[in-house]
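**Q** Read in this note's numbering, the sequence shown has 463 at position 463, and its numbers run on one by one without any break.
These are calculated hints, taken from the structure and not from any lab test. Be aware that one or more of the hints could be misleading.
Between beta-carbon pairs, the in silico distance windows are [said to hold, decoys possible]:
#1 Ala249 - Asn181: 25 to 35 Å
#2 Pro366 - Ala469: 51 to 61 Å
#3 Phe649 - Ser363: 55 to 65 Å
#4 Gly678 - Ala861: 37 to 47 Å
#5 Asn674 - Ser711: 19 to 29 Å
#6 Asn664 - Leu470: 48 to 58 Å
#7 Leu419 - Glu376: 34 to 44 Å
#8 Asp681 - Gly359: 46 to 56 Å
#9 Ser741 - Ala591: 34 to 44 Å
#10 Ser558 - Leu470: 38 to 48 Å
We put the beta carbon where it would ideally sit given N, CA and C, even for glycine.
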Amino acid sequence: ALVTDSAGNTVFTDPLIIDTQPSLGAAGWVVTLVSPLEGFTTVNGAQITFSATHNFGTVVPPKIDFYLNGSQFTTVSSPTGSGASAPYQFVIGLTRAGTYIVHAVGRSGSTTTVSSPARIEVTSSRAPTVALTSPSPGSPYTIGTGLTVAANATSSTGLISSVQFFVNGAVLSSKNTTPYNAPWNPGAAGAYTITALATDDSGNQTLSAPLLVTLVPNAAPTVALTGPPTGTTVIAGTVVNLASAAADADGTVASVRFLANGNLVGTATAAPFSVSWTPTAAGAYNVTAQATDNSGNVTSSSAITINVTGNQSPVVALSTPGNGSVIRAGSGTTITASASDLDGTIASVQFLSNGVSIGAAISTLPYRTQWTPPAEGIFRITAVATDNAGAATTSTVFTVLAVSSSSGGSDNVYTGDYLGGGEIGRFAVITVRGKTAAFIGYSTTTVAKTYFYPGLAVDGGGNFSATDALGRTLLTASANETGVSGNLDGGRIIAIGINAGLFLATRTVAAGYYVGGLNGRSGSTLAAIVGADGSITAYLADGTFQTAGAGAVDAAGSFSLNTSSGGRLTGRADPLTGFLTGTLSGANGGAFMAATSSGASFSDGFLRNLSTRGQVGTGSNILIAGFVVGGTTAKQVLVRAVGPTLGGFGLTGVLADPQIQLFNGSNALVVANNNWGGAGDVIAASAQVGAFPLAANSLDAVVLASLAPGSYTAQVSGVGGTTGLALVELYDVDTLSAFSSQKVMNVATRGIVGTGQAQLIAGFVVSGSTPKKVLVRAVGPTLAAAPFNVAGVLADPILRLVRADNLVVRENDNWESGNDAALVIDASVRVGAFPLASGSNDAAILINLPPGTYNAQASGAGTTTGVALIEVYEVP
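Whenever a hint applies, use it, and build me the whole structure from the sequences.
**A** Put into structure tokens, the structure is as follows:
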């Protein structure tokens, strides 16, 4: 019987054995304990076999249910049909000690018989075994040493349910799965007794033999700084190697921390105990080392002093290519820089193009790298120098223009000799942008001859030629990247030359085509071809007089040439200004001035402070200034019409009350003003651009407007039809970055050209640090023709370009004289200017101007007057 109390506890009563064998011949089931025999005992885990039989005779396949302690344990069915054989058995391993009752319920068809019960006693055979394996007894352990307590436990007849560890009788830990271990970190010195208690799944327990362990106190580590020596002085940013010697007598050194003025600067966890420290601020530093052993003990070293001084940044400057240089896209270009450091050494120089690194940093002299521009465009080159203390300096930006060989963006100079028909001579050729060519030659034999053929068209194969008015061939030649060859004088003379750039050496004078004339003789012509190798070939003409010569320029640009006419051409090509000045000795000589007109136009500056002073009339003779705003975004522009205030500068006959109207390219009125009224925003803008101040109550007119890209005209007239002298000024108020396209590109002003102070004068400033190519024109006769049909034009304008120090830079009377006409035509096309009529008396100057202030003065030949247009264009 199974008895259960209110708490759910159960217990079987002692079994009552009624009968273990059925009556012979009676139909039913009998369950028999096969092994061990009925009433025997066995140890836990042993297998118990039960058998059940029946005496039904031949019946339908029987089925028997076996019950263990009243609960069905399993069902066994006969594997065959009628007449199945017995016995039916099941085997079970009883793992717990106790009394077990087994009986069977057999079924055959509708007949069910319950067997008599069978009893078995299961008892435990022995308790588990347990033994401590760690820590090992013997030598003392140091406090702080991490220990592990471990034991082995087994049970031959059952399972280990838990192992408990005790230290001095107190529970340390309990584990119910292998491995049987636990961490132990004793905190005090002394003797400790460790035991382990194993319990099996039957509740049997065994206590291990005790293990005695002794803990002794931990000794602190030792530490001392070994470097650098105390009192060492270093530069801020310099790496300082801090080193120490550290040891622990009864353990190991876990780490060494280094502190400067109490702040952690590095940690080393393995010998040799050293770190690298880079102090960034000047001052005195007390440096110590702290050693920590494996038990957590800490020892600090004695302090040393390190003095840190401020680091001076390095100096770096780009050398080549020059700022504003024109180079070939897809071809290698050498970039060089100079770098130095006053209080240390240069660790590296890194070159960058548009902010992207060019190759690896250079750590040794020379600081040079090869760079190939990947495509056409503007590239901003910088060099970054880093010193040994980590301070870095970035150079000034050099901006270069990369052009493809097919775009004709660069010039080539060729020099050589010619001979034929008893004549020997020298010559120079320049091909400009791959589009036009100029030839200068002269004989070196007793027969003095000169040859000058400017403005020759160059075809796609590099061929060019010159003919006279009768169509006779004067020159045929062909140029390539390496040289030039051709014939002179109808084939009488053979000329062969090489590209002067093939022997490029260090030079300061800009190679190119210089054009000018004799001072005060506007009809004269001076042309000079300067090569990259320092060669110079010059031609000078005035009326019927012609002469030429060749030589070399020195490092300062100076030269002295014997000419074919027996004179001497002495002067200097200024590397800074690009002006070529000097004198020609002899009866036809005099002072001369020229400047480069060739080369790809590329400047970091802009045309600023554009202004025109002229006479304001009525009707179509008012003062009209046209200008273009470039780029893609709106620009802040200040336009002033100054009349009354000019009286304060000593001018007479000024316009008493000017008014201004600003129109866009569609002739729509944008803004207008009569009296400016002392507006605050105008005062601020005028001060920003450096314009002279206007009295708040003056009758001058001013407009300040944000203008979208496009063309505009500012029309200045007198209130009530009054006339007089006035100044129209155009200022770009925005701050521009180098080489920006967001700029005012040109100004063109139409007005009446008088005499004296009534000349038409256009003033402008070239900003930046590199020369800018400009085209200046004084147009009169062309205005009279269609489509302009302007009446009363100035018949023969004379144009003078004057620097701020009153030096006449260039002057021109008729535009095809004293210029390379082909270059003027090409420049006019590129800036969108209307063409000048061939043979007209209009004046023009194409020139590269260094940064500075200039004014272009238009006057009439003699004392003539009339309407003229003065134009200043930035040539791309």
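**Q** Does each hint hold? Answer for all of them.
**A** Okay, the hints, checked on the actual structure:
1. Ala249 - Asn181: 25 to 35 Å: holds (29 Å)
2. Pro366 - Ala469: 51 to 61 Å: holds (56 Å)
3. Phe649 - Ser363: 55 to 65 Å: holds (60 Å)
4. Gly678 - Ala861: 37 to 47 Å: holds (44 Å)
5. Asn674 - Ser711: 19 to 29 Å: Once the Cβ atoms are compared, 24 Å apart, the range 19 to 29 Å for Ser711 and Asn674 holds.
6. Asn664 - Leu470: 48 to 58 Å: holds (51 Å)
7. Leu419 - Glu376: 34 to 44 Å: At 41 Å between Cβs, range holds.
8. Asp681 - Gly359: 46 to 56 Å: Given range 46 to 56 Å: holds, Cβ gap about 50 Å.
9. Ser741 - Ala591: 34 to 44 Å: holds (39 Å)
10. Ser558 - Leu470: 38 to 48 Å: Holds - the Cβ-Cβ distance for Ser558 and Leu470, about 42 Å, lies within 38 to 48 Å.
Violated hints are absent here; each numbered hint is respected by the structure.
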